[in-house]
Amino acid sequence: MNEWLYVGLFFIVGLIIPVGAIAVGWLLGPKKPNPIKQSTYECGIEPVGESWVQFKAQYYIFALVFLVFDVETVFLFPWAVKLGQLGLFAVVEGIVFILILVAGLVYTWRKGMLEWV
Amino acid sequence: MNFWNDPLKIAADWLTGVFTGWGMTPVAANVLIAFLGTLLLITILMVIDIFLVWIERKIVARFQDRIGPNRLGPFGLIQPFADIIKLMIKEDTTPQGADKVVYNLAPMLSMMSVLILWAIVPLAPVMLGVDLNAGMLFIIAAGSIGTLSIIMAGWSSNNKFSVIGAFRQVAVMISFEVPMLAVMLIPTIFAGSMGLNDIIQSQNIWFFFLSPLAALIFLIAAIAELGRAPFDLAEGESELVAGFNIEYSGMKFGMFYAGELLHAFTFGGFWAIMFFGGYRFFGLEKVSPFLAIAVLVFKAMLGYWVIMWVRYTVMRIRIDQMLAFNWKFLTPVSFVLVMVTALMNALLKGADGWLYVTGMILSNVIVGWVSLEIARSAAKQERERIEGPKQVVEAHH
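Residue numbers (the working numbering), protein chains in the order written: chain A, 1 to 117; chain B, 1001 to 1397.
Same shape as in the complex, but just chain A:
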């Protein structure tokens, strides 16, 4: 049988266990909601202001840099698999590819995009 079908089966069975556990918790627990119990936690005081704080732009920059390097490594995996059978040319080619992207990292570094504040 197709091996990805087994993986799909694992997904389904892997969902059954947490769903089952949480369902048992829901069944067995008392259900007595009251507004004080359900108010959100803020160190003992009433919540002040909106709960969805302003999104720092820095997270977006880190996600972009991560995306570039993630796609790069996904492209490098087939290269790594066949590296044993290809000659020195493939090694040099892979090194040039990595160096181009490391140059991109150095560029972001110098531009100050990797700082937190």
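Honestly, the hints are just simulated from the structure, not real lab data.
Just so we're clear, the structure is a prediction, and the values are computed from it rather than from any experiment.
Incorrect hints may have been included.
[What the hints assert, rightly or not] A few chain B residues that face chain A, going by a derived Cβ cut-off under 8 angstroms, partial list only:
id, residue
1, T1038
2, M1046
3, M1088
4, K1090
5, T1094
6, N1159
7, I1174
8, D1320
9, A1346
All C-beta atoms in this analysis are idealised placements derived from N, C-alpha and C, irrespective of residue type, glycine included.
Fit chain B to the supplied structure of chain A, relying on the hints for placement.
This is chain B only, laid out in the frame that chain A set:
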């Protein structure tokens, strides 16, 4: 064929006979047997998870010079079961204004992302869920579901601390995926395949000896991926209260907590598979698959022990220090390591066994030492910029 040599095939054949005897088609019988097999594996994993809670609590206690739970049962062994019962009978509150669907889905996805990783872990040469030829990529893909569940939990809880904690945690997790992916290339280069069974079979010399720096970087990046100390700013019990976990109680919190411990055990297992030979131990795995499973579990426990050791020894790091460490030190070092490994592999390919190993170890040591020297001089420059150059103190008589 002896039962002890190939138990899965014997059981599967017998069950197929039973099911087709009852009148099912062979395809349906196969699917049912696969379903039962996965159910068995996941049940065993949950039992292991329960004992991981016990191990964690006893070991953290010993690190902190105390005993840990010892009231319930001998050596406190019944304690995790009491914990499960307590979590199950707690009330299932939902904070007001929370997004109900996403709020309830997050712990389920978090636990699921850990359980599906065990589909590709080779327990023995003939016992594994699926022998995917893209095993390495599957690990990363399944790990990203866990990252998604943290954002879901944080965002849907309608709580400022939850949102901030979740954003920070996810920023750290995706940042540390880059060096982890880069050093996962190195066992792939050595084994010539992405499948985990092939990687284990080609480890006549453990890859730890061929590339110790890669094993170290994988360990650091994996600890950051798991969200454990010293990288656990979001859950740090004294930082943002409990990060994305704040509004969760009862079994949902139990799923996050148990999922994190099982995730740590799983990555201990992957560290063992990729760098320490997996289920291999000088030919012991050919004797019986059960011995191979025992070897793998033992090595995974050792990896888990190292992860726990780091957790209870090292101080928590601030988020800007974490991200600077990742993007300015780990990522360049890991990419340089990949380039150097590829080059040395091509240069030393036809060489003798000992020359190959020595060449690889030396290249790793040189890369590690040079990068530490660069980091040290950069730190010295930074310190002098802030504090002024060091004054030589004259001795007063």
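Item to check | Hints breached by this structure | outcome: Those not satisfied: there are none.
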